[in-house]
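Kindly generate the complete structure, drawing on both the sequences and the hints.
Okay, here's what each chain looks like letter by letter:
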Amino acid sequence: MDLATLLQMLDATLRLATPLLLACLAGLYSERAGIFDIGLEGKMLAAAFLSAAIASVTGNVWLGLVAGIGASMALSLIHGLASITFRGNQLISGVAINFLAAGLTVVVAQSWFSQGGRTPQLSGDARFEPITLPFAEQLREVPFLGPIYYELISGHTILVYLALLLVPVTWWVLYRTRFGLRLRAVGENPAAVDTAGVSVVGLRFAAVAICGVLCGIAGAYLATALQAGFTKDMSAGRGYIALAALIFAKWRPWYALSSCILFGFLQAMALRSDVVEEVIGFALNGQLLDVLPFILVVVLTGFVGKATGPKAGGQAYVKER
Amino acid sequence: MDAMPKWADVILIPVISILLAAILSALVILAIGENPWAALKLMVSGALGSTYGWGYTIYYATNFIFTGLAVAIAAQAKMFNIGGEGQALLGGLGVAIICLYIPWPHWTIALLGAALGAALFGAAWAAIPAFLQAKRGSHIVITTIMFNFIAAALLNYFLIGALKAPGMEPATAKFPEPTHLPSFQDMFNFGETTFFRGAPANVTFFVAIAACVFVWALVWRTRLGYEIRSFGESETAAKYAGINPTKIIMVTMLISGALAGMMAINNVQGEAERLVLNAAEGAGFIGIAVALMGRNHPFGVLLAALLFGFLYQGGAELALWTSIPRELIIVIQALVILFTGALDNMVRMPLARLFLSLRRA
Chain A
1 MDLATLLQML DATLRLATPL LLACLAGLYS ERAGIFDIGL EGKMLAAAFL SAAIASVTGN
61 VWLGLVAGIG ASMALSLIHG LASITFRGNQ LISGVAINFL AAGLTVVVAQ SWFSQGGRTP
121 QLSGDARFEP ITLPFAEQLR EVPFLGPIYY ELISGHTILV YLALLLVPVT WWVLYRTRFG
181 LRLRAVGENP AAVDTAGVSV VGLRFAAVAI CGVLCGIAGA YLATALQAGF TKDMSAGRGY
241 IALAALIFAK WRPWYALSSC ILFGFLQAMA LRSDVVEEVI GFALNGQLLD VLPFILVVVL
301 TGFVGKATGP KAGGQAYVKE R
Chain B
1 MDAMPKWADV ILIPVISILL AAILSALVIL AIGENPWAAL KLMVSGALGS TYGWGYTIYY
61 ATNFIFTGLA VAIAAQAKMF NIGGEGQALL GGLGVAIICL YIPWPHWTIA LLGAALGAAL
121 FGAAWAAIPA FLQAKRGSHI VITTIMFNFI AAALLNYFLI GALKAPGMEP ATAKFPEPTH
181 LPSFQDMFNF GETTFFRGAP ANVTFFVAIA ACVFVWALVW RTRLGYEIRS FGESETAAKY
241 AGINPTKIIM VTMLISGALA GMMAINNVQG EAERLVLNAA EGAGFIGIAV ALMGRNHPFG
301 VLLAALLFGF LYQGGAELAL WTSIPRELII VIQALVILFT GALDNMVRMP LARLFLSLRR
361 A
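Here the protein sequences line up with chains A and B, keeping their order.
The end of the first sequence is residue 321 by the numbering used here, with every number in the run present.
The end of the second sequence is residue 361 by the numbering used here, with every number in the run present.
Among these hints, one or two may not hold up.
Unchecked claim - Computed spacing ranges between beta-carbons, pair by pair: (1) B/Ile243 to A/Glu188: 24 to 34 Å; (2) B/Leu224 to A/Glu188: 28 to 38 Å; (3) B/Lys247 to A/Val299: 46 to 56 Å; (4) B/Pro36 to A/Ala236: 25 to 35 Å; (5) B/Glu233 to A/Leu165: 45 to 55 Å.
As the list claims (entries may be wrong) - No farther apart than 25 Å at their CA atoms in a straight line, the calculated lysine-lysine pairs in the DSS-like style are these: (6) A/Lys306 to B/Lys78; (7) A/Lys306 to B/Lys174; (8) B/Lys239 to A/Lys306; (9) A/Lys306 to B/Lys247; (10) A/Lys319 to B/Lys78; (11) B/Lys135 to A/Lys311; (12) B/Lys78 to A/Lys311; (13) A/Lys250 to A/Lys311; (14) B/Lys239 to B/Lys78; (15) B/Lys247 to B/Lys135; (16) B/Lys41 to B/Lys174; (17) B/Lys239 to B/Lys135; (18) B/Lys135 to A/Lys250; (19) B/Lys239 to A/Lys311.
These are computed hints drawn from the structure, not numbers from a lab.
Backbone N, C-alpha and C define an ideal beta-carbon position, used for all residues, glycine too.
Below, the structure is given as structure tokens:
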């Protein structure tokens, strides 16, 4: 394998890791506040559909992004209502949200566009275009570093850079701000937060809302940057892979970045099975590569190590005892 | 909870939840420019208007009884088995291996053998998440979700590899003749009048009914069932009473996986008579809605499974005759899960207040 192929693989890794990373950080905010969210998948899917639909109708991808975030936020609100206000089962609510999105996107897409549950192909301003970073063209000829800068670092859509930027931002918010301290506390011991006079319900709703925004961006990225339009079930389990990455990362932002890049790399490998075969000498089953993240998480955090989530995760907070 | 009489808890709340889900579904149909009333009429005539429709309704219901019972028995021990889909897929693998490689003389013995194989494979697929929950503290919901994906990949691996029949399709060969189960058409054939013609409902429906009775007897009439329910009510109290949590988690999940796996004798052995990709077709997930609606009781599961069988067959008819896509059923399923599961308190709290004020008055 030469440098060019390697760079292509890594480039694909970055593109495929982006939606995972956004969804993983989304889950991180929610779960750190004590709200389990297995509805990441559904929120991404809903956002992917509405962003593609609005972008295709208006021809403006930014309006699409806003609409996508709106769709994801609406589902987040349902999740918050069910799991915070009405103290329902957070897991069941997540399952319901996933099915709601899986069904509604196709039903509405069919009704609006009559193209068998997909949106029209997006092009031009209705999509996020790759950005060429400054001096990428000029530095291209520099040996080794030039191609890395040109191929790998430059030439992604703005959402890729945003996702990467959100990792230090999330770290800073969680570990260096008052809001972050309270957010983490409410996931570990909500009663203590309540005693300190801070609203548990407010904090948890804030976390769920942030989760909605990030899932919305992740979904919009899928339909308007990674692909050109919405297709049925296009999130393809990415919400669950993001959940697996979150557990793998033990609910910490920088580790989330590395596990998402690892899982993105596995997806890139599945796409370029020819390269994989050339390097390791035999063909790997593509299906196996697709589920390798899950196998890794089960083996490494189940049998070998241990990953314990926030203590109050999954439990509704009841003030009176 | 004590504020309400038992009948309100068992009947009134589910009925209100389902009405809410139905109203929202009707609004969705209205929003996409179709007539909900006409849609309902079409669904009723398509699913219940002929023995053919009934044959499909009962066939789907049979699948949902198994997966619903699987979710329900796990829920009795306060566990959420979301992995019914994967367990049902693995059950299909067990059925396929048993039907293809053992020369069965008659369908009755083949049914027993296949049921055993399906149950074993399904239970085995639930065993690892159960072990990790009991011993390593991995969350069972997360592991069972992941095992759904791994099961689908595994099935794919076998169907393009070791078990693939000659030809283009990723599927096994047709099972041999003696393993074919009698369909309702074979059973209710009275000379000139044949009922259920061409419908896939088969003898497995009666196995499903037997499974309901089995689960009821197990949960409410045996020592193990008592332990399962105690564990579900309070883990600490159960431990104090000398109940071994590891045993309860393992045994409950093994039974749950076995039940989900046994769905395969209906769809794989009974209907397709071979194993195809994605054989479970989401029935494992519908089990969640069925168990929630049926209040985790076998009789409730039976009724809810029939309702979902009706929705499934009715939805297929809708997709055939109108522009409403089949995915509408997924929306309805989601709304049922939402209202009977996650938003249960939204219905319950005002009702409890109402009953309380009635009692005081």
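With a cut-off of 25 Å on the C-alpha distance, tell me whether B/Lys41 and B/Lys174 pass.
37 Å, violated
Given the hint of 24 to 34 Å, check if B/Ile243 and A/Glu188 actually sit that far apart at their C-beta atoms.
Given about 29 Å between the Cβ atoms, the range holds.
Between B/Pro36 and A/Ala236, does the C-beta distance stay in 25 to 35 Å?
Because 32 Å falls inside the window, the suggested range holds.
Holds or violated: B/Lys239 to A/Lys311, with C-alpha atoms at most 25 Å apart
Holds - the C-alpha atoms of A/Lys311 and B/Lys239 are around 21 Å apart, at most 25 Å.
Pair hint B/Lys135 and A/Lys250, alpha-carbon separation not exceeding 25 Å:
Roughly 19 Å separates the two Cα atoms, so the pair holds.
Using the C-beta atoms of B/Leu224 and A/Glu188, is the stated range 28 to 38 Å upheld?
36 Å, holds
Going straight from one Cα to the other, do A/Lys319 and B/Lys78 come out at no more than 25 Å?
23 Å, holds
Has the given pair, B/Lys135 with A/Lys311, been kept, meaning a C-alpha gap of at most 25 Å?
Satisfied, since the Cα-Cα distance of roughly 18 Å is no more than 25 Å.
Given hint A/Lys311 paired with A/Lys250 - CA-CA distance at most 25 Å:
13 Å, holds
Measure nothing beyond the straight line between the CA atoms of B/Lys239 and B/Lys135; if it is 25 Å or shorter, mark the hint as holding.
OK: B/Lys239 and B/Lys135 at ~15 Å, within 25 Å.
For the pair we were handed, A/Lys306 and B/Lys174, check the Cα-Cα distance against 25 Å.
Between A/Lys306 and B/Lys174 the Cα gap is close to 44 Å, so the pair fails against 25 Å, i.e. violated.
Has the given pair, B/Lys78 with A/Lys311, been kept, meaning a C-alpha gap of at most 25 Å?
Since the Cα atoms of B/Lys78 and A/Lys311 sit roughly 18 Å apart, the hinted pair holds (cutoff 25 Å).
Hint violations for this structure: numbers 3, 7, 16, all remaining hints satisfied.
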